[in-house]
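> Here is how the chains run, residue by residue.
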Amino acid sequence: MIHVLLIIFIITLFYMAIANRLMTYIKVLALQGVLLFFVVFFQLSKIDPFNLAFILLETIVFKSLAVPIFLSYLLKRNNITREAEPFLPNFVSLVITTSIVVVNILIATVIKDDHLDKIFFVVALSTLFFGLYLIATRRKIITHVMGYMVIENGVFVLSLAIGNEMPLLVNLGIMLDIFASVLILGIFMNKIGDVFKDVDVDQLSNLKDY
Amino acid sequence: MVITYLIVSVAIVICLFVLRNRGLVFSLLGLFLVWQGWFTVQACLHFGTTDAVYFTYDSLGILLLVTLSIIAIPAALHSYIYIENHYEPPRSRSIYLGSLVLLIMAISAGYLSNHIAVTWIFTEITTLSASALIYHHRNKLALEGTWKYVFICAISITFIFIGILFLSLSLQHAGSDDLSFSNLLVKSKELNPVWLQMAFLFIFTGFTAKLGLVPMFTAGIDAKDTAPAPAGALMASVLMNLGFVGIFRFYIVIANTPLLHWAKLVVGIAAFLSLFVATVYMLKVKNVKRMFAYSGIEHMGIVMLGVAAGGIGYYAAILHIVLHAFVKSSLFFQYNQLYRVFQNKSITHIGNYFKYNPTGAMVLLLGFISSAAMPPSGLFVSEFLIFKSLFDAKQIFVLIAVLLLLTMIIWSFGKNIFKVLFVPAEGFDDSKVVRTSPWESLSQFLLLATAVYLGLNPPPIFVQLIKESLTLLPL
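As given, the protein sequences belong to chains D and H, one line each in that order. First residue of the first sequence? That's 1 in the working numbering, and the numbers climb one at a time after it. First residue of the second sequence? That's 211 in the working numbering, and the numbers climb one at a time after it.
Since the hints were made in silico from the structure, they are not lab data. The C-beta atom is built at its ideal place from N, Cα and C for all residues, glycine as well. Just to be clear, a hint being listed does not mean it is correct.
As the list claims (entries may be wrong) - Listed next, the in silico DSSO-like pairs over lysine-lysine satisfying Cα-Cα at most 30 Å (straight line):
id	chain 1	residue 1	chain 2	residue 2
1	H	K642	D	K208
2	H	K358	H	K496
3	H	K350	D	K140
Said to hold, decoys possible - Pair ranges (Cβ atoms, derived):
id	chain 1	residue 1	chain 2	residue 2	range
4	H	Q252	D	E83	56 to 66 Å
5	H	P468	D	I7	36 to 46 Å
6	D	N206	H	V220	32 to 42 Å
7	H	A611	D	F50	55 to 65 Å
8	D	K118	H	F672	46 to 56 Å
Chain D extracted, bound-state conformation (with noise of 0.2 Å):
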């Protein structure tokens, strides 16, 4: 079930990667959120019942609710136009995020190891990857944002993976998420919204050396 639901969560990437428009993407992470949702609960079944309750909460009201909320309310609220813009054609896009994807899997293959389940590495590995590129390729700053959450959707497999022997981190993990998406979301997009008029990549190039 845990591998099914990993599965779909690679599929979610490679509909990110050729997806138009940016309320896609939000529904996306929210779509991710309610996996991780389902992962959580079939995987960490030998840590106590109320950290379990907190972690399922997490996914559950912050990744796959809260998030996604905030972001399409930034979207109307800056007028932001509903097209992700990418740098490149959707089709090397595509071609990239699959190689991403294969490469891991052979990472993975030659790793080898008792104390992890390969697809936890490969999904987390390429999510992670894969949060990079769609930083690296898309114009508006907000996808940038939407970049950063893939990223810590795929840390927060990675943190899975070894939830059961120390649920510690699983939790530091959520801390660095509410934390780092509060500080990124809550204070600057208001205010990036209000001072740049349309929220472009290209705005932010008045630091300079001379």
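Could you slot chain H onto chain D? The hints should help.
Then chain H, alone, in the frame of chain D:
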């Protein structure tokens, strides 16, 4: 004691955020300095003990904590001057001072923590407080700097967390789940090398955002440029040292495994690339503050080269970061007085500083000599030792390349500084220049003198502290 320190400091921070009264706010800042000093003394008295499970007063932590507490005093003083000169509104004054105190507190706790996750948490808090400081001016440039800093730091903090996850995987092979540095050291022989390599790569990359090394150095440059100079001084000195602590403590663990040579290679490549990048930017930079910041990248590159070379290089690296903290912070403290005269950051619009403020010009001149590591600067000693360690490690070609790069950096740095000091700026109207009190430069002279004293005639206790922090490394 650490817990009391943190609670009282957080209480001061909250009071600073809430209160608006001018006298009250500044007396709270003074109170915090006293508290920081008292804590430092207590930490020295409890040398070698562990406090609240996660904090140890070890030699590296104490050494850097004392450095921080010394630099915190002029930082507070110059913040006071800065705020009074700029007629800050009460709200922005409160936020500035509160964030400054929070930053100093987080750095202190980060130095002393003996657990990689705790170091990580306090590194996160430094990002939070530093971003509030960078956003101080609330204009477009400040927003851009803050956004870049927060975003890159968020990614690098995530990288450190991934590194910690890989480290815990590696540790599971040793049948343990305690991530404290001492336990990692005990189990270092049983750690799984593959996961350990991954962990080192991610943790190293993550901490470079704070240390100011390739690949994540960009965030720090923008931050030091846009933050008010007294806060920039802390970011360019003690905050970089926090990045060093994070990397160095983990490096000690990996140095006791067969992966030592690989780790040296990674650190060495990153250090050399940083020097290269610093040279490229130094050659074209025209913004005084950014020039100081790039000089910091250069110095951190030299420090990490010392770590990569090993041997006497370890000793020199720690000496170098302490001395560099004093020198670089004094340059940043001087910056505001320079700005008050010319109202401009760009070197093309600055010139003949000796005419307007001879004392401050002396600080810039001495700061340049110190930063370029010319004798009698203390940095000369540490840089010389690092070159010697490179020579000992038979890295003669690296050494030659480094020396060439350094020559270019010194040439460019010198050209700009002498332009600022002696060549009159075109079209500068000096009828409205405000006179700066020479006393404002006193703290900079003291810091520079400390760097010279510690470099040329290090007190025995200083040498012993550095040597003790290296005992766990295989020499």
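> If a hint holds in the structure, say so; if it doesn't, say that too.
Taking the hints in turn, this is what the structure says about them:
no.	hint	in the structure
1	K642/H / K208/D	holds, 28 Å
2	K358/H / K496/H	holds, 21 Å
3	K350/H / K140/D	holds, 17 Å
4	Q252/H / E83/D: 56 to 66 Å	holds, 59 Å
5	P468/H / I7/D: 36 to 46 Å	holds, 37 Å
6	N206/D / V220/H: 32 to 42 Å	holds, 35 Å
7	A611/H / F50/D: 55 to 65 Å	holds, 57 Å
8	K118/D / F672/H: 46 to 56 Å	holds, 51 Å
When each numbered hint is compared with the structure, no violation occurs for any of them.
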